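Protein chains in written order, with the numbering used here: chain A, 92 to 338; chain B, -3 to 268.
Just so you know, the hints here were simulated from the structure itself, not pulled from any lab data.
Computed from a prediction, not measured in an experiment: that's the story for all the values here.
A virtual CB, placed ideally from N, CA and C, is assigned to each residue, including glycine.
The reader is advised that the hints may include incorrect statements.
[What the hints assert, rightly or not] Restraint-style ranges between C-beta atoms, simulated for each label pair:
hint	chain 1	residue 1	chain 2	residue 2	range
1	B	ILE95	A	GLU332	52 to 60 Å
2	B	GLN88	A	PRO97	31 to 39 Å
3	A	SER134	B	PRO186	29 to 37 Å
4	B	PRO186	A	GLU279	28 to 36 Å
5	B	VAL90	A	GLU113	21 to 29 Å
6	B	GLY156	A	LEU168	29 to 37 Å
[Stated by the list, open to error] Pulled from the structure, derived: some chain B residues nowhere near chain A, Cβ distances all over 12 Å:
hint	residue
7	SER13
8	MET17
9	VAL123
10	GLU129
11	ALA159
12	MET182
13	ILE248
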Amino acid sequence: MSQETPPIVRITDIHKSFGAAEVLKGVSMEVPRGQTVCIIGPSGSGKSTLLRCVNALVTVDKGSITVDGEDVTASKLDKLALRRKVGMVFQQYNLFPHRTALQNVMMAPVHVLKQDRASTEAHARELLRKVRLEGKETAYPGELSGGQQQRVAIARSLAMSPRVMLFDEVTAALDPETVKEVLVTIRELAEEGITCLIVTHEMGFAREVAQKVYFTDHGRILEAAPPDEFFASPRHERTREFLNQIL
Amino acid sequence: MKLDVAHKVVGSTSSKSQAWMATLFMMSLGFALLVPLHAALAAPAERGWLDILAQWAPLIFKGFCLNVAMSLVAVVLGTLAGGALGIGQCAQTVWVKRISWLVTEFFRNSPTLVLLFFCMYLLPFQVQIGPFEVPFPAWAKAILGLSLSKTAYVSEIVRGAFASIPSTQWEAAETLAFSRWQTIRMIILPQCLKRMLPPWMNAYAIMIMATPLASVLGVNEGLTFTRAAITAVGRPDMLTPFYLYLLALFFIYAYPISAWTIRLERRYAVRS
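Please put together the full structure from these sequences, using the hints given.
And the structure:
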């Protein structure tokens, strides 16, 4: 991969335990600016925890993470500053059920960034249009399908103009038919040059959208390669096993 | 206290008992209205029980109004303090959490009557504020004592409601850089309000029932005046009408509240 610009996310040898269970056992990876990186691997391999470490929802025990020059593992971390740079979308969407789609998108820019309401609303409507939810502005999350809710969640995250987007198995809870509409949205973001770090079980999607694929198992990265190489000729025995099971 | 039991029966059984309660409610209302009606219409020839009751009813009613007023002020105080304590119980700072929990548990497990005595004997009769001596009357102490119980209830209601909101809501808010206080104010509390309303109203209904306890502090509320009236009249046969009248007033006031609470509970139970 091109190393001309420094990576926007740099993870160096991070360790994390929950009680006796060591979930991450020395993980290192880099996400170059403007690129899309996918993390795949069996359940319980530490993928989600890894992602959560990047925006400090989980604090690491050892190792370091920098995002856009910000040291995430510093004890004096400005969490708010970090989270303005890093957007995250969850498996269960986690929209605010008492607010409409438009309000969900507008809340953080208005109240956290203290942006002007009128211009924020214009931007929010544009974002909803971008995720193909024009006409759903006044719908409450409960009135939307899973795929629609997930796209609202993506728009909500984008409204903060993050430098990096984290996607944590965002299609895992969706019906097969609605998976595609969400993946199309993410692919468009990737093509626009937004840096994306994606945990996914959608192999076809990973192959199509990623510049690099990481394979994790038992808290370690076993393999990292560009998708063509990764899927065509995985080097590690465990990777082959996993891909055979899935594909 | 009697009405709490009645309330629970309604809550747990069929619409048949609801019809029963409604009948009882109408009977109470009829009885309460009978008194002024009689006073207005009947000729004062012979003094029957209704005449005597009609003579004293305004006083008892006036006392009952103080019960209602005390409960209303206490509910406002208790809700404010309890809301703060409940949020404190969910705080991230350990000592805030511990103290809030301790205060809540202390008042939740204290009998209201004991709290009332506590307020009566341990608080001064007047407070010195600058050059002014502000009296601290018994009714104010009663309000304080009543609001302490309510505070504990509300604190638990808030804590319980907060706990019922999935942690993923906190996480989503955190990811969007909301501060903790913003998260509580804009995201968690608004989702809790609906869930908190029925138990809050229930706690209020319990509190209005506790207000006659203030009679032991010498507050001139409904029960104090009822007993005064009985003493003044000095007729044993008047005990029943006088107490029934006071009970009817409480029932008329509290039954709609508990009936509405049950309706709300049902509605939210179906939705969730």
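Exercise. Okay, which hints does this one fail, numbers in order?
Worked result: 12
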